[in-house]
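Under mature numbering (1 follows the signal peptide of the UniProt record, and there is no 0), read the sequence shown as residues -18 to -1, 1 to 483, first letter to last.
It is worth saying that the hints were derived from the structure and are not from the lab.
Among the hints, erroneous ones may be present.
Straight-line Cα separation of at most 27 Å, DSS-like style, residue types lysine-lysine; simulated pairs [to be verified]:
1. LYS241 to LYS260
2. LYS164 to LYS301
3. LYS301 to LYS343
4. LYS130 to LYS260
5. LYS301 to LYS350
6. LYS66 to LYS211
7. LYS3 to LYS92
8. LYS340 to LYS260
Computed spacing ranges between beta-carbons, pair by pair [stated by the list, open to error]:
9. GLU96 to ARG263: 45 to 55 Å
10. GLY153 to ILE264: 45 to 55 Å
11. LEU351 to SER74: 45 to 55 Å
12. SER60 to LYS260: 43 to 53 Å
13. LYS350 to ASP48: 22 to 32 Å
The model shown is predicted, which means the values in this text are computed figures rather than measured ones.
Just so it is clear, CB atoms sit at the ideal spot from N, CA and C, and this is done for glycine as well.
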Amino acid sequence: MIKYIVLLVILAISCTSAQVKKECTWWLSYESQFIDHTGTFQDPFARLSNAINAVFTSTACPVDYDNSVPRYIYMITSETGVYKGVGNREISVSQPESATFQIFVVPVDKGAVEAYPMQQSQYYGVIDGENTNGLLKISELFPTLTFKGIYWKNGSSKQGSTFGASIVVAGQTNSVNFDGCKFENLNGGKTGSIYFNAQSDSVINNCTFINNSATGYGGVFYFPTSFSKISLLASVFSGNKASVGGGSIYSSAYTLLIKNTQFKNGNAAKGGALYIEKSPRIADLVWDQLNFVNNMATDGGALYDHMSSIEYTNAVFTKNNATNGGACYFDTSTSVFSHSLFQENTAINGGAVWTIDKSLKTAQLLIKLSNFNSNRAEIGGAMYCNASTSNLNTQNNYSMNYATPAKDNTTIDFCTSSCLTASAVCGCYSGCGIPPVPPKVITDTKETKIAIGIFLPVTAILLGVVIFLLWKTNEKAKQKKANLNYDEIKLTIPDNSNDPL
């Protein structure tokens, strides 16, 4: 079996090699001057925009030339090479030709020999926006465009567009892929630093996103409502932030898939890493192996789930922090978590999880077969459920979670009486219903003296009343006896018949 796999790989490489045509390749060099060039290996362009335009205007490799032949744009690079200036930022792509070939943008080492297929460089092809404007805007493109090993940095949202993002993929654009790329210090407006709305399936694989920000939603990506599949795989998000929601990602896309990805040190008002809104559950889209570390928010330290129904498995939430829901905030959610770990997350309410239903729903939020360890909160060490159709107690394990001493009975969870499963039974480990206020035990000396000072006078008054009532009762008894003796005296009329006249 292994032999067959090796043969298939060799065959695939051979086919790829055969497909690379010299006439369908264009070259860039950061050392070229900003003058007219032909884009050949010997005479490379200075601007990426020139190379992309050449793909659609070439006579040697025209648009209607064999669509099975990929078009390659090679960026000469080195450890210090950087592409700057107009044409390497503010790149605008709008090509209405309905071609189906693939375009690859790939860095190659300075000094490499022209021998196709060219080997990708160990260094990034660096594109620096110098914080003056946007980097890339694709508004119409039918071929599939793939960037491999490109480092996008210092992008600004000053494009003058409604998107206000450093990178925009929108309009009639099919697939745009990023493979092994890096994105750092990109700035965006209300719709993220990267607004991404490709119309066909796209893949973002093995990429790194560092210190990007937006004034609205999505510190890195803003994925609007879309039916095309977007796969985000094996990537790392670090230090990204958004003012409103989704420190790294905002998504209302129907078919977003995230796997094997880490989110750390993110920040937002809602969802320090992710803000997922109205995303339905798709059978083959299981979000697997996500790792959230040290993210922070007001609601949902790592994740804010609004009316979504995502299936998560093998997720790990560590040391995330929020006011409500140290790891996750579920707002009218019907998502499913399984085989996940929530550890050392902190919040005021719900050390790991907060859930509430702000509108009626018939399905339930489900967290099962998961571990909650060393989470802390003032109320609800692991979970806080406030009027939500949820099942939070299906073979979960709890260890060393903590609530403030006065709320010890909420060490694991705090659930209102309306936290019920879809079958209308309590969905919480410790039962449903607001826990009673613990009785107060007076131990303070001052409080004890005050209590005694109140108790003694009251006792004396009550004792006086009792004595008075006893005295009155005794007086009435004496009076009754005196009256009885008087009634027994007999009066006799004297007989005067024998008296002398």
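Hint check:
1. LYS241 to LYS260: holds (19 Å)
2. LYS164 to LYS301: holds (26 Å)
3. LYS301 to LYS343: Roughly 31 Å between the alpha carbons, so the hint for LYS301 and LYS343 is violated.
4. LYS130 to LYS260: Answer violated: LYS130 to LYS260 is near 32 Å, above 27 Å.
5. LYS301 to LYS350: Status holds; Cα separation ~21 Å.
6. LYS66 to LYS211: Roughly 33 Å between the alpha carbons, so the hint for LYS66 and LYS211 is violated.
7. LYS3 to LYS92: holds (21 Å)
8. LYS340 to LYS260: Status holds; Cα separation ~14 Å.
9. GLU96 to ARG263: 45 to 55 Å: At 50 Å between Cβs, range holds.
10. GLY153 to ILE264: 45 to 55 Å: violated (25 Å)
11. LEU351 to SER74: 45 to 55 Å: holds (49 Å)
12. SER60 to LYS260: 43 to 53 Å: Since SER60 and LYS260 have Cβ atoms about 46 Å apart, the given range 43 to 53 Å holds.
13. LYS350 to ASP48: 22 to 32 Å: violated (52 Å)
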